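One letter stands for each residue in the lines below.
There are 2 protein chains.
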Amino acid sequence: MGQGQPDNDNPGGIVAPSIVFIDEAGSLAPDQKRALMGGKGASLALMATTLSLPVPPAFTITTEVCRSYLSSGWPPDLDEGLRAAVAGLEERTGRRLGDPDNPLLLSVRSGAAISMPGMMDTVLNLGLNSETTAGLAGATDERFALDSHRRFVQSYAEVVLRVAADLPEVVASAVREAGVDHEFDLEPGMLSELIADLRQIVADQPGATLPDDPFEQLRTSVAAVFDSWMGERAVEYRRREGIDGDIGTACTIQAMVFGNRDDSSGSGVVFTRDPATGENHSTGDYLPGAQGEDVVSGTHATLPIDDFSRLMPEQGAELDRALELLEDHYRDMCDVEFTVEQGHLHILQCRVGKRTGAAAIRIASQLVEDPGVSLTRAEAVARITPDHLSQVLHVGFAETDTPEVTHGLGASPGAAVGRAYMTTEGAIDAVERGEQVILVRRETSPDDVAAMAVVEGILTSHGGLVSHAAVVARGWGTPCVCGAEQVEVADDHFRVGDVVVTEGDTISIDGTTGSVTLGGRGVVESVVPPELDLILDWADEIASGNLAVRANADTAEDAATAREAGAVGIGLCRTEHMFLSPDRLPLVRAMILAETAEAETEALEQLGTAQQADFEGILDVMDGLPVTVRLLDPPLHEFLPDIGDLVVDEARGDLDPEGQALLKSARYWTEVNPMMGTRGVRLAHLRPGLYRMQAKALFSAVMARCAAGGDPLVEVMIPLTVSGPELALAIEWVREAAADVGMGEAPPVGTMIETPRAALLAGDLAGHADFFSVGSNDLTQLTFGFSRDDVEGRFMDLYLDRGLLDHNPFEHLDDAAVGELVDLAVQRGRGAKPGLKVGVCGEHAGDPRSIPRLLAAGVDYLSCSPARLPTARLAAAHAVLETATPGRGSLRR
Amino acid sequence: MGQGQPDNDNPGGIVAPSIVFIDEAGSLAPDQKRALMGGKGASLALMATTLSLPVPPAFTITTEVCRSYLSSGWPPDLDEGLRAAVAGLEERTGRRLGDPDNPLLLSVRSGAAISMPGMMDTVLNLGLNSETTAGLAGATDERFALDSHRRFVQSYAEVVLRVAADLPEVVASAVREAGVDHEFDLEPGMLSELIADLRQIVADQPGATLPDDPFEQLRTSVAAVFDSWMGERAVEYRRREGIDGDIGTACTIQAMVFGNRDDSSGSGVVFTRDPATGENHSTGDYLPGAQGEDVVSGTHATLPIDDFSRLMPEQGAELDRALELLEDHYRDMCDVEFTVEQGHLHILQCRVGKRTGAAAIRIASQLVEDPGVSLTRAEAVARITPDHLSQVLHVGFAETDTPEVTHGLGASPGAAVGRAYMTTEGAIDAVERGEQVILVRRETSPDDVAAMAVVEGILTSHGGLVSHAAVVARGWGTPCVCGAEQVEVADDHFRVGDVVVTEGDTISIDGTTGSVTLGGRGVVESVVPPELDLILDWADEIASGNLAVRANADTAEDAATAREAGAVGIGLCRTEHMFLSPDRLPLVRAMILAETAEAETEALEQLGTAQQADFEGILDVMDGLPVTVRLLDPPLHEFLPDIGDLVVDEARGDLDPEGQALLKSARYWTEVNPMMGTRGVRLAHLRPGLYRMQAKALFSAVMARCAAGGDPLVEVMIPLTVSGPELALAIEWVREAAADVGMGEAPPVGTMIETPRAALLAGDLAGHADFFSVGSNDLTQLTFGFSRDDVEGRFMDLYLDRGLLDHNPFEHLDDAAVGELVDLAVQRGRGAKPGLKVGVCGEHAGDPRSIPRLLAAGVDYLSCSPARLPTARLAAAHAVLETATPGRGSLRR
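Going down the list, the sequences are from chains F and E.
Last residue of the first sequence: 911 in this note's numbering, with the numbers rising by one and none dropped.
Last residue of the second sequence: 911 in this note's numbering, with the numbers rising by one and none dropped.
Hint data in this document are derived by calculation from the structure and do not stem from the laboratory.
Please read these numbers as outputs of a predicted model, since none were measured by experiment.
It cannot be assumed that every hint is accurate.
A pair counts as met if it fits within one copy or between any two copies, since identical chains are not told apart.
[Stated by the list, open to error] With a cut-off of at most 20 Å between alpha-carbon atoms, the simulated SDA-like pairs for lysine to any residue come out as follows:
{"id": "1", "residue 1": "682", "residue 2": "662"}
{"id": "2", "residue 1": "851", "residue 2": "185"}
{"id": "3", "residue 1": "682", "residue 2": "666"}
{"id": "4", "residue 1": "682", "residue 2": "504"}
{"id": "5", "residue 1": "682", "residue 2": "318"}
{"id": "6", "residue 1": "682", "residue 2": "833"}
{"id": "7", "residue 1": "372", "residue 2": "615"}
{"id": "8", "residue 1": "855", "residue 2": "386"}
{"id": "9", "residue 1": "682", "residue 2": "663"}
{"id": "10", "residue 1": "682", "residue 2": "506"}
{"id": "11", "residue 1": "855", "residue 2": "45"}
{"id": "12", "residue 1": "682", "residue 2": "509"}
{"id": "13", "residue 1": "682", "residue 2": "349"}
{"id": "14", "residue 1": "682", "residue 2": "608"}
{"id": "15", "residue 1": "851", "residue 2": "237"}
{"id": "16", "residue 1": "851", "residue 2": "41"}
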């Protein structure tokens, strides 16, 4: 199997070379180059051919060979091919592998088509044994030869032989004993001793042999590189990143150049722009007299890259030209490794550089203006990932690895530190004393709302991501961890196993990760780069007309945040959240407890007055943009106190008449499965005055805004529909309310699509509805029969760990079943009413992984929480770009 | 628009006569005859032509005319047609309408294509006024003429003029005053006074006029008959029976014959067989000197029909010949009205007779053997309705209209009378004292099971048809009413509004209708006719190969009942019900409370031993027939005491250590929406020993039965699946258990299709499952987002009343959405695995209205509760017949 020969093992018959010299790879198409030679081999080939940069001679054993090796072992003809390739290197360098006088030394590096930094292994200075080391010493100097030999022994022992001992520590201790700064300062005698020690450690390991024969060193190193593809770290990394495990790695063998050669030698790593901030100047490290591994190991004090140009002006200028060439070619910030050997610059590697979120945003926007690159706006937007945004947007804890005392569900993102209080009264008193407070409860109920409004964060032991605590906390942007099941909550302390946290103790909760720690942690405020707005504006340009992004907002404050964050409307205004505030709760309870029609009407009217003011506030903020108001959805028991507490009070004889009335009502409204009980439009049919009151309050607000010269645009949405007549009657009430307040024409009235039946009967519903809004949370619950409150804490993790589900369907849309129901809802809805507007207002509307699926289903707009708006705007643009130009994905990292 | 002329109003251009003489209707096809002339007109036409029976001359105004009248008012040319038709009658009878000497009198009767007995109106003796009455008196006798006049005035006043007064009471009081038995015994003078009184009542009603002109009498009577089609009673009847309201009624005008003419006259009604028992002899009533209305009014003491043959042997023989002819023609038992006028027999009407369930069964089976009829077995089966079966199978209360004190859901059919006890202890003590007891609870829990096992009936105020009470009661065949929401239960009494029922008071509950009454009611045991087995065997013959009927049975006793009732296997054996018996509950709780793996294993082993014995019992009973065992399904909290009671005990300090452990566990396992929580295969993944234990117990039972020479055929079913891997792992446990006990090959393992996702992903699931069983209850719950426990008592009635849903989808399968999911499950399942066996084991499997839809979906077998087996076997045959020969529906009444 010689270089450039067809690979006979390839059953598809595609002609693919098994070994390619980087200076002969010009004929391969870029994609093919990357697939066969890996990122590293491909970039070397590019530099050696197209860019004519000084690259040491090298060849690549292709990924084809790796795949063959991994499935059937060492290919019989690979030895022959390898010998021929080594001969090619010898010809190019004028040295011979194993030549006792002037030996050719090699590096052996892995490199897959997709970057997996640090995940696989490298052998350096290959070709040395006692004989060639002596020859090298003769041709150069002894310290350099021995230092190189030590490096070879160490890397071969670690990578190929998997020696268990801590070899870096053996080297470090030799350095300490010698009283020098670096291992390459060791005297030849000490180096010889160190090499002997290392070789002894290898000899002591059963079955381990360090071959003297350079070709045998090469064979075993290549095999080790291939094996590292299946190493634990690499497999785990691929699983996490979703990289196909079948593609295999290439292996590049390159003639060594020596930064450790002498004082006019050295190695460096440089980024064409600052990878932390994105500022447009090269940034990096240089280490004189060292090999590249010394620069990146972090164990040596490196010089800033600017010093390199100072020390070696000529080479510095040559490097700057190379960097410019590379950035213009890659059209992106690059990460470049170089070595200077006796004054000669060699570029060893180039790849597109990793960067922080802030840098990604700044670089992408700057490259649009850069005349050498002229990135398109679409390319700039495509390069920003949701992770980049997350980095710049969320407040987090400074350290990320503080040991946690327990862990729950990250229910409302953000970091909070405060003193733990386990009762609403205790929490409020503490806040009034000026303390920062974390409210810790088994679960929360409307009676806790007064405390929830003033604390720094909320921790509950029960309930999932749609529990009362989670929903309220997200609404107010208060960090919240819920469903931390190991926490046992009492009135004056809580316990996690043996740990007892007493009232007033400080704890920290991370609402993003779900982590709970004892004591206070340092919080890092996020810094949003000014270029973000530019990127998001471009994203909106791209998505506009295909996928609009609105926000979920229930109050004027939320609406203002949402508008500020770029929402083009409110897609979900939940009227129940208005009812939950401490001053409204008594009015709602009065309505629920009303024993006469008059009392009910009076309570409804008071609620109506209050709601009208709320609506006016929201419509004022959103003037000129659509606001979709969902009429009351949750079951009534959510507005009542916890029945368990009432029952206990009753048993103790502590229940006053109001408490007794509440208990009776709570008993009456208690449901076995409230999620599938009397809520949404069902409640409206039981209490026909309710929706009419809400609609009237809303439309009165519209009239008031119009009178004030505003431009209010409302849409009304009926929740939890299952049948056409059920929807039609509710819509009639809304239209009657419009007539009642003297509106000329009623605003659009639509329906939520939340039940599988609504999705399947979308054709019928479209006969009545002016628009659809898919409630993907409830639809997911019903499609799986998964109650979020119950399954997420209990068995979701186990299901994901065992692979029983691909992913948590509440986090990312279930493509198969829920996705099909969304498809059917859109198709059947538009079949009955062409052009029907369809939105999505579940969690998935803010999830970048779900958004392309929703676009594919034909959805017109998304509505997500204000905090997810930037992510959703970006993801919407990405989804539209993917759809518009298939394969455009290669622009995205 | 004359008789026999084309109806120009018919936009479709179909030539349809608007008026048809019964003796000229021979050219109409039977279906057309019935559609145009109604059932009554068609039968008269048949008798007058084909059968040559003595029928008084008549013509029918067709349903076409009625439809035209109802949409556009009295047709302009109808007067002319009516006059021509009357002329035809005059020609046939030799009398003239309005002739003062010998007047022609008419009856005007409604009659739709579909029988609506008693729902519409009739005017008799039309044509009389003072002048023609005098003429009639002259031609016959005065008493007869006046009696006929009185009848005309009364029927016209009631039917056409809708006089509000109680005219029958006016007549009855005149009879009482005269001291005679019957109104036709009144002397002419008294009759004249009575007529004057009746006419005065008419005159007193504003706007009411009784025309003297006979043709005007006729016109207004025809209009009244047409109007009666839209009368409240008729509309309500059609709504209930699902009859199309657009078809309209025909109106038949017939020359009167007079059973009240003299002593050699009379009227009778006769059934060709006994409509109560089905015995093969004619049965009926005869009333000398009376018109037909007197016979059926129930106000006169009639003679048995045998007396008619005795009184008038010649006419009796003629009638017998007519009855035989009619039964042979209709191929069914007939209901015949006749009148003898002065020795001349006239047949006035014939229709297929209504009958009891027992009679229907006996008659259908006998007609198969009857040489004159030779009914096919398929026809016989098709004629038995689910109502017929219900009549012969269920124990019920004697009277059906006892006023109820409240009403709940009929959760387990049957009637029960007993003393009310509100606590489990109270109920058990009372049973031990020898009392019959009804247990009354808010809801039941496993702690009530000991009482539930010994009481006559169960009444709960909360929970629906799948509540604990309902499920346990149905399992044991104990009558149960649940979800009687108005009932407020305390420890020593219960209250319904102002009514207080104290412990020990007797109440009656009807588990079929949901009715609750105070005091004891008489119970009627059902009598099953021996021919039922024959009919059901024929039904099985018909359905066999298309739709098998199995039963749901959880115990050997249930299995025996099911096998006895004709089940060809068990389609659903719920293993949780075995766990609920009082002696197993401690074992289950030990498993739940186990704090160590050893304790859990020990508890599982004890349960396994107990289950094995249960399984052996069932397999013994079902030897040679398949038994499908569903592994544990319900959430664990169902096996724990009520948390509310425990909390109260805790607050009172009454909780012992075991109680505390139970409370802790109950708290842990409490779920917000248990229906969508940790149950089914999810529970199995949390407690991996559970399914393996159950499968091992089952397979050990199989091995034991085999060793004993039996032929056990088991199938194992995994509940609540949502994904392929989830199912695959559970199936693996079952197969491992089979290997553990040394079975050569594991029995079939299938999955329930209960979640919408399972239905949509049926293709994936079929890759793992050997069969499917659709759990249509849960599938309905999730498709609608309707928790049965919550919606049925709360808003289902309201939804049905307001037409927001066509029907309760838990009673009859929702064709649209749930039906589509069943279709998809079958199609996709068989797409992946051709020939995949699919069963249904929800309530719908026993519902005659749902069964045709399930057959259409392609289902192979049904599995229903043993009590519904006869109905399901019959409905399966009906469904197969409908499918095999479309239009066969006309065989069914």
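Structure-based check of each hint:
Proximity of residue 682 to residue 662 under the C-alpha cut-off of 20 Å is found in both arrangements, the shortest distances being 12 Å within a copy and 14 Å between copies. Neither within a single protomer nor between protomers do residue 851 and residue 185 lie at most 20 Å apart by alpha-carbon distance, with minima of 72 Å and 58 Å respectively. Proximity of residue 682 to residue 666 under the C-alpha cut-off of 20 Å is found in both arrangements, the shortest distances being 14 Å within a copy and 16 Å between copies. Within a single copy, residue 682 and residue 504 get their C-alpha atoms only as close as 33 Å, which misses the 20 Å cut-off; across copies the closest is 13 Å, which meets it.
With identical chains, the CA atoms of residue 682 and residue 318 are never at most 20 Å apart, being 73 Å at best within one copy and 57 Å at best between copies. Taking CA atoms no more than 20 Å apart as the test, residue 682 paired with residue 833 passes in neither setting, with 44 Å inside one copy and 39 Å between copies. Taking identical chains as interchangeable, the C-alpha atoms of residue 372 and residue 615 are never at most 20 Å apart, the minima being 67 Å within one chain and 48 Å between chains. In the homo-oligomer, the alpha carbons of residue 855 and residue 386 never lie at most 20 Å apart, since the shortest distance is 35 Å inside one protomer and 62 Å across protomers.
Taking identical chains as interchangeable, the C-alpha atoms of residue 682 and residue 663 lie at most 20 Å apart whether they share a chain (13 Å) or sit on different chains (16 Å). For the identical chains of this complex, residue 682 and residue 506 are inter-copy neighbours only, at 10 Å across copies versus 29 Å inside a copy, given an alpha-carbon limit of 20 Å. In this homomeric assembly, residue 855 and residue 45 never come within 20 Å of each other (Cα to Cα): the closest approach is 51 Å inside a single copy and 58 Å across copies. For the homomeric pair residue 682 and residue 509, the shortest alpha-carbon distance between copies (16 Å) is at most 20 Å, but the shortest distance inside one copy (26 Å) is not.
Proximity of residue 682 and residue 349 under a CA criterion of 20 Å is satisfied in neither setting, with 70 Å inside one chain copy and 62 Å between copies. In this homomeric assembly, residue 682 and residue 608 come within 20 Å of each other (Cα to Cα) only inside a single copy, at 14 Å, whereas the closest approach across copies is 35 Å. With identical chains, the CA atoms of residue 851 and residue 237 are never at most 20 Å apart, being 68 Å at best within one copy and 49 Å at best between copies. For the homomeric pair residue 851 and residue 41, neither the shortest alpha-carbon distance inside one copy (62 Å) nor that between copies (55 Å) is at most 20 Å.
Consistency with the previously given hints fails for numbers 2, 5, 6, 7, 8, 11, 13, 15 and 16, ordered from lowest to highest.
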